[in-house]
Amino acid sequence: MKPAPFEYLAARTCDEVIGALAAGEGETRVLAGGQSLLLEMNYRAVRPVQLVDINRVRDFGGLDVVTVPDSGPWLCVGPLVRHGRFEQQVEAGPLGRLLARAVHFIAHPPVRARGTMLGSLAYAHPTAEWPTLAVTLDARLDLVHEHGARTLSADDFITGSFATARRPDELLTRVCLPLLPTATGVAFVEHRRTAASFAQLAVAAALSAQDGVVADARIGLAGTAARPTRARAAEALLTGRAPTDEAINRAAAASVGVVDAPDDPHAGDSYRRHAAEVLVRRALMQARDDIAERT
Amino acid sequence: MNISLTINGEERQLDVEPRRTLADALRDDCGLTGTHLGCEHGVCGACTVQVDGTAVRSCLMFAVQCDGSTVRTVEGLAAPDGTPHPLQTAFASEHALQCGFCTPGFLMLAAAALEENPALADDPDGLRELLTSNLCRCTGYEAIRLAVRLAAAMRNTGGT
Ligand SMILES: Cc1cc2nc3c(=O)[nH]c(=O)nc-3n(C[C@H](O)[C@H](O)[C@H](O)COP(=O)(O)OP(=O)(O)OC[C@H]3O[C@@H](n4cnc5c(N)ncnc54)[C@H](O)[C@@H]3O)c2cc1C
Ligand code: FES
Ligand code: FES
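Protein chains in written order, with the UniProt record's numbering: chain L, 1 to 295; chain P, 1 to 160.
It is worth saying that the hints were derived from the structure and are not from the lab. Keep in mind it's a predicted model, so treat the numbers as computed, not measured. Among the clues, some could well be false.
[Said to hold, decoys possible] The following residues of chain L were derived to be distant from chain P, with all beta-carbon distances above 10 angstroms:
#, residue
1, A4
2, T67
3, R114
4, D138
5, A149
6, D169
7, A247
[Stated by the list, open to error] Coverage of chain P stretches by chain L, computed from C-beta distances (three or more under 8 angstroms per stretch; other residues unrestricted):
#, region
8, 19 to 25
9, 45 to 59
10, 126 to 132
[As the list claims (entries may be wrong)] Label pairs and their in silico Cβ distance ranges:
#, chain 1, residue 1, chain 2, residue 2, range
11, P, N156, L, S161, 42 to 50 angstroms
12, L, A23, P, P124, 46 to 54 angstroms
13, L, H145, P, M1, 54 to 62 angstroms
14, P, D125, L, G212, 52 to 60 angstroms
15, P, E75, L, V68, 26 to 34 angstroms
16, L, P181, P, G53, 36 to 44 angstroms
17, L, T151, P, T132, 35 to 43 angstroms
18, P, P80, L, A23, 33 to 41 angstroms
For glycine and all other residues, C-beta sits at the position ideal for the given N, C-alpha and C.
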């Protein structure tokens, strides 16, 4: 099908975008990469009265490491940073490596040339890669509206499947991801039905090591519940221990506790639990090898 | 809305509704029907064209977004004197098409990729990842892969 008619505004400044969202009374949408919005409009699943195109806003392409007193360095990403940008490591440490690995799972090169990280977070597909990483790493998201601004953790921002805490008049202006300690091993693994479809299940893992034991473990799962979730019980089982096969197997078994999703045509509950355990084990093994390769 | 864009080297003024996708503007307003529409939701890649040198889905962009841009479609791939692009020659000689519906998309995808990185043809994983972008129901992809490699080799030896 073809999209329903709408008014089009090519904004030049952030203020113009925020003004249009405020005036739009919930009927105005941001057009970023358009790689999800146009699909929905072609289906007529959404029929916005107005689109405010942000592609010509000059200072929206920011990608910088920002040091915040007391909480260390963060990689801050603006609204026009496209997925493809992360194929080359944007930061020399484990965070840049993790982003470069995860990005290859997102669609394919032509979609990655247009789609944006912030657009993906705003869209909040339940198994999308960026929301999964944002929850796993405790990213922080900045939202701006006409009369103010707020910052939310990824966990508070993503409230469900395709659901976020963003109000219709709010613009996502950046997401900040914490840089990871040098001795961190990272992995991103997925199970998907075709190369270009969304994942059925995805797991992100980051293990920071100190003196042979895990000082910090992060395990995030997607496709196991309505939104990406951290497997905190599994993380706790690894923290303070050496990442032996046995410790990893126990953590993988514990991680199925987060599975809370209705059956779908491709997976019932027992299959999903089994697949989650296998993927977590695989991710943790890869993360452990990743530490070993670099130290 | 009035927009102006350069399509295959020719400047064009168009008056389009904002909801007109780039694909429909090319096909219906410019008569450039070499760009095909399969799914209109980003999956098949038949509509792939180059906007400012980058391969994109023309079903997932509005024409008004391309105001001031340079667009290249399959009609602009051959040299001005009609000499086929190396990829066109290679697709023919490797039998990389049967029905041909997907071919314009694959050509524009591969042409942009080889221009950006001619060494891609020697990187099996990279080439495979690129070619998963588009769907072909006929060839089974192997002939397409071989054609892209042949075209890259032709470029490197200076052939056309
Ligand atoms: C064939 C295909 C396969 C795909 N496969 C995957 C995949 O495997 N994994 C994956 O993660 N994604 C996949 N995608 C989706 C792709 O990653 C999109 O780019 C992404 O979901 C949305 O980003 P966008 O910049 O294109 O946003 P848009 O489509 O422009 O916008 C999406 C939504 O977010 C809102 N929005 C966008 N930016 C902002 C902002 N800064 N502030 C407030 N609201 C905003 C829009 O109003 C809209 O509601 C696929 C897409 C296609 C077409
Ligand atoms: S028609 Fe655009 S991707 Fe299928
Ligand atoms: S040649 Fe028929 S779809 Fe590719």
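Hints, verified against the model:
A cut-off of 10 angstroms between C-beta atoms contradicts the statement that A4 (chain L) is not in contact with chain P; the least separation is 7 angstroms. At the 10 angstroms boundary, the C-beta of T67 (chain L) stays outside the reach of chain P, the nearest C-beta of that chain being 33 angstroms off. Taking the minimum C-beta to C-beta distance to chain P, about 6 angstroms, the non-interface status of R114 (chain L) is violated against the 10 angstroms cut. The beta carbon of D138 (chain L) is kept farther than 10 angstroms from every beta carbon of chain P, the shortest such distance being approximately 30 angstroms.
Separation of A149 (chain L) from chain P is adequate, the least Cβ-Cβ distance of about 28 angstroms exceeding the 10 angstroms criterion. No Cβ of chain P comes within 10 angstroms of the Cβ of D169 (chain L); the nearest lies about 21 angstroms off, and the non-interface call holds. Every beta carbon of chain P lies more than 10 angstroms from that of A247 (chain L), the smallest distance being close to 32 angstroms; the non-interface claim holds. Figure legend: the region 19 to 25 of chain P, annotated as covered by chain L; annotation consistent (3 residues with Cβ-Cβ distances under 8 angstroms, at least 3 required).
Coverage of the region 45 to 59 of chain P by chain L holds. Counting CB-CB distances below 8 angstroms, 7 residues qualify, and the rule asks for three or more. For the region 126 to 132 of chain P, the stated coverage by chain L is satisfied: 3 residues place a CB nearer than 8 angstroms to a CB of that chain, which reaches the threshold of 3. At about 48 angstroms, the CB distance of N156 (chain P) to S161 (chain L) agrees with the hint of 42 to 50 angstroms. Separation of A23 (chain L) from P124 (chain P) is about 52 angstroms and conforms to the stated range, judged on CB atoms against 46 to 54 angstroms.
Taking the beta carbon of each, H145 (chain L) and M1 (chain P) are about 28 angstroms apart, not inside 54 to 62 angstroms as hinted. At about 33 angstroms, the CB distance of D125 (chain P) to G212 (chain L) disagrees with the hint of 52 to 60 angstroms. Range check, E75 (chain P) to V68 (chain L): Cβ separation about 52 angstroms, and the 26 to 34 angstroms hint is violated. Between P181 (chain L) and G53 (chain P) the beta carbons are some 39 angstroms apart, a value that agrees with the proposed interval 36 to 44 angstroms.
A beta carbon spacing of about 37 angstroms between T151 (chain L) and T132 (chain P) agrees with the range 35 to 43 angstroms that was offered as a hint. Taken as a hint, the range 33 to 41 angstroms is violated for the pair P80 (chain P) and A23 (chain L), whose Cβ atoms sit roughly 48 angstroms apart.
The earlier numbered hints that this structure contradicts are 1, 3, 13, 14, 15 and 18.
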